[in-house]
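*Asks:* Starting from the structure of chain F, add chains R and Y where the hints point.
Residue numbers (my numbering), protein chains in the order written: chain F, 99 to 199; chain R, 125 to 295; chain Y, 70 to 714.
If you're looking for bench data, these hints aren't it; they were derived computationally from the structure. Fair warning: there could be bad hints in the mix.
What the hints assert, rightly or not - Calculated cross-link-like contacts (lysine to any residue; reagent style SDA-like; alpha-carbon spacing at most 20 Å):
id	chain 1	residue 1	chain 2	residue 2
1	R	Lys246	R	Glu128
2	R	Lys215	Y	Leu687
3	R	Lys291	F	Thr144
4	R	Lys215	Y	Ala692
5	R	Lys207	R	Ile218
6	Y	Lys96	Y	Leu86
7	R	Lys215	Y	Leu86
8	R	Lys246	F	Thr144
9	R	Lys246	F	Ile156
10	R	Lys246	F	Phe148
11	R	Lys250	F	Thr144
12	Y	Lys184	Y	Val289
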Amino acid sequence: MTITVEYYLILSAFMFFVGVAGVLTRRNAIIVFMSIELMLNSANLTLVAFSSYLGNSIGQLFVFFVMTVAAAEAAVGLAIIIAIFRNKLTVNIDEINILKW
Amino acid sequence: MTLEVILFFVFGFVAAVTAVIMITRSNAVISALFLVLNFAALAGLYLTLNAQFIAVTQIIVYAGAIMVLFLFVLMLLRPENEKKFLELNPKIKIFALIVAFVVFAQLSYIIFFARPSQNISKDLTKSIEAGTIESIGRELFTNYVVPFEAAGFLLLAATIGALVLAKKKFD
Amino acid sequence: MRELIYLTVVLPLVGFLINGIFGSRIKNEKLIGAIGSGVIGISFLIALGAFFETLSIPVDQRQKIVTLFSWLTVGNLNVSFAYQVDQLSIIMAMIVTGVGFLIHVYSIGYMHGDKSFWRFFAYLNLFIFAMMNLILADNFVLLFLGWEGVGLCSYLLIGFWYDRKFEKSTTSDAAKKAFVVNRIGDFGFLLGMFLIYMTFGSLNFNEVFSRAVSFDVSTVTFGFIAIFLFIGATGKSAQIPLFVWLPDAMAGPTPVSALIHAATMVTAGVYMVARTSIIFASAPDILMVVAIIGALTAFFAATIGIVQNDIKKVLAYSTVSQLGYMFLAMGMGAFSAGIFHVMTHAFFKALLFLGAGSVIHAMHHEQDIQKYGGLKKHMPRTYLTFLIAALAISGIPPLSGFFSKDEILWYSYANGNLFFWILGVGTAMMTAFYMFRLYILTFEGTSRFGHDKHPHESPAVMTIPLIVLAVLAAVGGFIGIPEIFSGEHGNQFHNFLAPLFKDADRKLATYNMHSHFEEILLMVLSVAFAIGAIMFARYVYLKKPSIAVNTTQKFRGLYNLLWNKYFVDEAYDAAVVNPILQTSRSFLWKIADNKIIDGVVNGSAKIIDIISINIRKLQTGVAQFYALVMVLGIVAAFFWIILSL
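Just chain F, with the same shape it has in the complex (with noise of 0.2 Å):
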């Protein structure tokens, strides 16, 4: 038998659902944020599969540029739970709820 890209490609279809039932489900904001690390390293399987089953380098190109993004949304958003933790002494998103008048 032969690894053939569907593999790949339904191994990281499961990790993204995986990922959106972690966003849609848990309270805990760092945990929806992990959760979305989750679902954008899928992706990124998806490129590296395809980048490597077509013997071109660009897609792992971009999974290098997925990462500086990630990186930097991590920093950001971190920074945003520690600025909300202050002010409302939680990071439970069910309870910062103020995105409604």
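*Replies:* Structure of chains R and Y alone, referenced to chain F:
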């Protein structure tokens, strides 16, 4: 069963299981540690795909830098443990799970319908060639130099932004 | 000067704007008074110039129309701001501006120290503006503008002291009553206007009147137009059945009563009937109705006037009564006689009111004649001028009232109906009686007021208008000396106006010529009756006051009937006002307004409220919920992709 197949299943299994464990733990520190493990498994998968540079970067940037940042914040804030999964708003959570699963099912359907492997066959030399630092670096500093600089600016902005957001206000 | 006639309309408006806008900032009463009176004075001079110019040109060129601008043009209806100068309008214009000017001057003294001095003059100027529009209009629409305008000013001025009590209610109630009753009349006038437009296809006076002669229109149509116009006239000129507002209008300041409710506005109805004489002449039955209403109003108002004790009330009923005379004249087809009486009445009734105002001013707003007496020595000028006015209204020759009143009585006899003559002479007798009752109780006899009151003569700014008006009231009649005295020249006033009424006269043409002997006999009779009534009043109230008391007690029922003004107000309350009030309260307010209208308004708000309360729940503010919705969107997008595979 070649080594490649065995490695794929081992790393794939670890990646899938750690992901599930990651979102089901009530203690956020444990979740974070399982996420590190998940990233490591992904790095292994990248190796099986001949993407050496990305695999190393995955370990350094994700597992090494980003996750350490997460752990720092977690230990700094010490959020209380979450309640059990279905204790709060069970209906909406089950509904959310179903919706997420529908996404998974749709993606799988699309993958099986498209069957990309019919058109793509792996050329090992090309694949190895694509994953080297040399080819990635060449692309990065020739065709993609502007996005590369933009990414640098993004990191700079993120550094300043994080500083401004997280610092205490000086009175 | 006739080209400048529009200035007599514009100047009062300018005065109104200056006093109305800047009045509250002008602290100087003299300046406000000077502006207010000055514009009217200049208007009077222009009217006077226009009058002499009119006199100097041939009869057939005497009508002149000054068009300012086109107002409405809808289909073939064309209404302009156009003022016409002719014999009738120029006489009315002189009366209004002349008497108006004197009353303005008088008001400077009378209203001295009032907190809203400027407002008073602004309203008075606005009134003159509206009245000049009414008089000088060359079409029905402009006349109606003035007609409504004077009604508005009447309302504003009756309620001028809106914070004061008046009888059982407040002055603003009296003002509302005047306004509402006038509206009923105005409604009739409007219907008349519509019918005129329907029948003649125009609202321009010249066109309508020439078509009224040339068109073949049935008497019934003319009758309807005339009755509607006459309903308008009864409202404005306080005739039965709409006279009830005028006595209440006395709630306003006395100069207002003199200007609006005696000299000018209330004669607008008479003027309008004279102006549309051709229409009334084409409907002889309605003309008879006018005569009957006029005669009855004159008679009944006079009977009420006999027993009233409020000095202004007596004069108010006297005004109603004299207006009845004018309508009697109109009904008899004696249009110029009616206008003649309008003029003389403006002089002596304005004088009476201003004299009464002077007395009220001196007596610190006491209006009950039972608490006067012996004021003769305290205020000699007021006394003398009041006496002249009382003699004039009583019809004592050679004062003005004699000529005008006698002309009306003569026409009512000459038209062959003794009934009108008897009512007229009876009214004249009663007029003489109550006028001298008023005069004697006020100026003669002993003082009946307390020692806290120190009556004094009014200042010159008030007495000079009185003297001018007294001169006019005394000699004003000479321009209308009847034919039998003036010989070949005939009645000057009558001749001057005659061209205007020639069409109407030709249509009626029913005068039975009587001998001069009859005319002189009737004249002597009516003068004798008047003198007799005066002597009787003198006897009753000066020599033997007990007679009055005894008579009152003997005829208590009749006295009560008169004292309560035939219970007309009460009857109107019971028949009209209360049912409307009850319906408004129980149905219109509680059901129509509260339930239906409020229900619709509140109901629509409630529906929106219910919808939005439910929709609002979507906006939980929890980010995860928004993420879930987003994922649902992704699901939908994927489905679309799958379906298109």
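*Asks:* So, for every hint listed, does it hold in this structure?
*Replies:* Verification of the hints:
no.	hint	verdict
1	R/Lys246 to R/Glu128	holds, 13 Å
2	R/Lys215 to Y/Leu687	holds, 16 Å
3	R/Lys291 to F/Thr144	violated, 37 Å
4	R/Lys215 to Y/Ala692	holds, 17 Å
5	R/Lys207 to R/Ile218	holds, 15 Å
6	Y/Lys96 to Y/Leu86	holds, 16 Å
7	R/Lys215 to Y/Leu86	violated, 75 Å
8	R/Lys246 to F/Thr144	holds, 15 Å
9	R/Lys246 to F/Ile156	holds, 16 Å
10	R/Lys246 to F/Phe148	holds, 10 Å
11	R/Lys250 to F/Thr144	holds, 18 Å
12	Y/Lys184 to Y/Val289	violated, 54 Å
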